[in-house]
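A.B. asks: Here are the chains, one letter per residue:
2 protein chains.
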Amino acid sequence: MPIDIVVDGMGSDKAPESEIRGAILACRHLDVRVHLVGPEDILRPALRQHLASHNLQNKHLPVFIVPASEWISMDDKAAQAVRAKRDSSMRVGLKMVREGRAAAFFTAGNTGAAMATAKMVLGMLAGVHRPALATVLPTTTGSPSLLLDVGANVDSDPDNLVQFAVMGSIYAQNVLKVRHPRVGLLSIGEEDSKGNTLTHDTLPLLRALPSINFIGNVEGRDLYNGHTDVSVCDGFVGNVALKTSEGLVKLFSVLLRDSLKSTITAQVGALFSRTAFNDFKKRLDYSEYGGAPLLGVRGPCIIGHGSSNEKAIMNGIRVAAEFAQAEVNASIEAALKPPATT
Amino acid sequence: MPIDIVVDGMGSDKAPESEIRGAILACRHLDVRVHLVGPEDILRPALRQHLASHNLQNKHLPVFIVPASEWISMDDKAAQAVRAKRDSSMRVGLKMVREGRAAAFFTAGNTGAAMATAKMVLGMLAGVHRPALATVLPTTTGSPSLLLDVGANVDSDPDNLVQFAVMGSIYAQNVLKVRHPRVGLLSIGEEDSKGNTLTHDTLPLLRALPSINFIGNVEGRDLYNGHTDVSVCDGFVGNVALKTSEGLVKLFSVLLRDSLKSTITAQVGALFSRTAFNDFKKRLDYSEYGGAPLLGVRGPCIIGHGSSNEKAIMNGIRVAAEFAQAEVNASIEAALKPPATT
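Protein chains in written order, with full-length UniProt numbering: chain H, 1 to 342; chain S, 1 to 342.
If you are wondering where the hints come from, they were derived from the structure by calculation, not from laboratory data. Errors might be hidden in some of the hints.
Because identical chains cannot be distinguished in the list, a pair is counted as satisfied if it fits within a single copy or across any two copies.
Unchecked claim - In silico lysine-lysine, DSSO-like type, Cα no more than 30 Å apart, as pairs: (1) K59 / K177; (2) K337 / K250; (3) K59 / K119; (4) K119 / K194; (5) K95 / K250; (6) K250 / K85; (7) K311 / K250; (8) K250 / K59; (9) K59 / K337; (10) K77 / K337; (11) K59 / K311; (12) K337 / K85; (13) K177 / K311; (14) K311 / K337.
A quick note: this is a predicted structure, and the numbers were derived from the prediction, not measured.
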């Protein structure tokens, strides 16, 4: 029984090409039906052309177009665009999830706008005070590590961080398939004494939580060494950590390319080791993990990178489907719902 | 006229070997006299042996041993060790700077202990409220970028960040030789509206400062792309950014090694591109920049990485000398000293 996933057709830097190719790829490899949202006059001819070029026009792939007259670009100011563009592809797509016509939403568009629209259209899960954006990072051990919040909130309080820990742990267990995920509090040293006011106030609350496997403070380097499965922090800190990582990956690529170019033997070597370099880039590539889940809103929502290619889009659709099928949100509500007053 | 630099002989992971080799290297290549501090019974025979193995025993290299009976290890709790070990190599070394017997101090030891000892022994520069640890990062453009604070303080207030901006700008100009350093406030978006309470409160203060070239908010990725010369943040955030980067560099090395091993052609390629790989690692290597200056204390103080090898130690000594010769601290005092009451 295929699962219905709604995809913002106008999100990525190469929209709608990446989205259309990704949707076709997903329908060929996964048990999904993809609803692409955006202006019909842009999406329909583009979809027809891609199907034709793959000789797929008679295959009846379950890719459907859902009309929306507007879309939010990367350069739009999130808060403003969300208010002004009432028929945006994001809003129309998220409404389909709210109305039960699709099980999950994926966009590779403007992250701020996607978070704001999801919060507005879907609302929050019962008991959740603030949503958190989580990102999946690669590690030296090969198992993924989850970092949240990476930018949905700033100036979080200890209760927010406790909820992030619970939501992250449930997502890691159910979608990333980590048994008993180790949850760490991102700080500046392992000892309890290391940290700031926020981490000092949060530590005892996390220690007292029976539902998670809390391992205490972790440091920035632990995000990539496999010592923790879920790392919890304020969205300002998480966003800086994530973007610093993106900047460093870019620096790596530039330096490695320069170094490979700089000597004749290296040039010969570069030819031979291109396979290795491509393999390396693939291992490092966040997009393999399909994007960042927005946790705490009333409907599975995955936000991919703007630079997503067709494969990243397909992975995003796959993860959105897994997010929905694992019933993560029901588990989060069960864990965080305030007890009914009797 | 050689400049006197005092070096903690017992700081690095491979102390005193790295320190002794680094001191010898420095004396051979730079116009410095190096005072190595630590237990005489450890340092003297080790120095003699290294000089002998280099056939340098008759060269009268200006390496001197300054006795100290104790040292602080990486595993020591900083605050405790600073109080308990009254004759530590760090304390004895820093006293030499305070007493004017050396122009600057370098250690590759316990960062927390070095900061606390420097603050205690040297005291603060007039007008400076809190010291800041700054780190020099490589960028895609090849020019270094300075990030501060990376862990001397947590829960900084806007006035602290303003002082970090002034100190970082003076250091970048005088030691890193950047003309009109561009100073950015590390945040989660370029627009003024992006950030947390601390950055929102700090922005107008930095804008109002005539003595620095303030360019507004910068993001994590800007630390490595050359868009900013000096980036200012709270020590918690800076420490997370720095350690996240260290973790990612480690991941990068592991993945690249695995990828190079994984195919036969890649193995052949690896042989050819070893030059390139070594070149790449060197470009990425923080130790080329010689360590992290501790700004705001009454005496030039550079803290190197625990894994410093002899070359990193030599670079640390070089930068410590440059820090002293550029009269950075006089400039910082001139900029931050409160006006005398009349």
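A.B. asks: Tell me the numbers of any earlier hints that the structure contravenes, in ascending order.
C.D. replies: 1, 2, 3, 5, 6, 8, 9, 10, 12, 14
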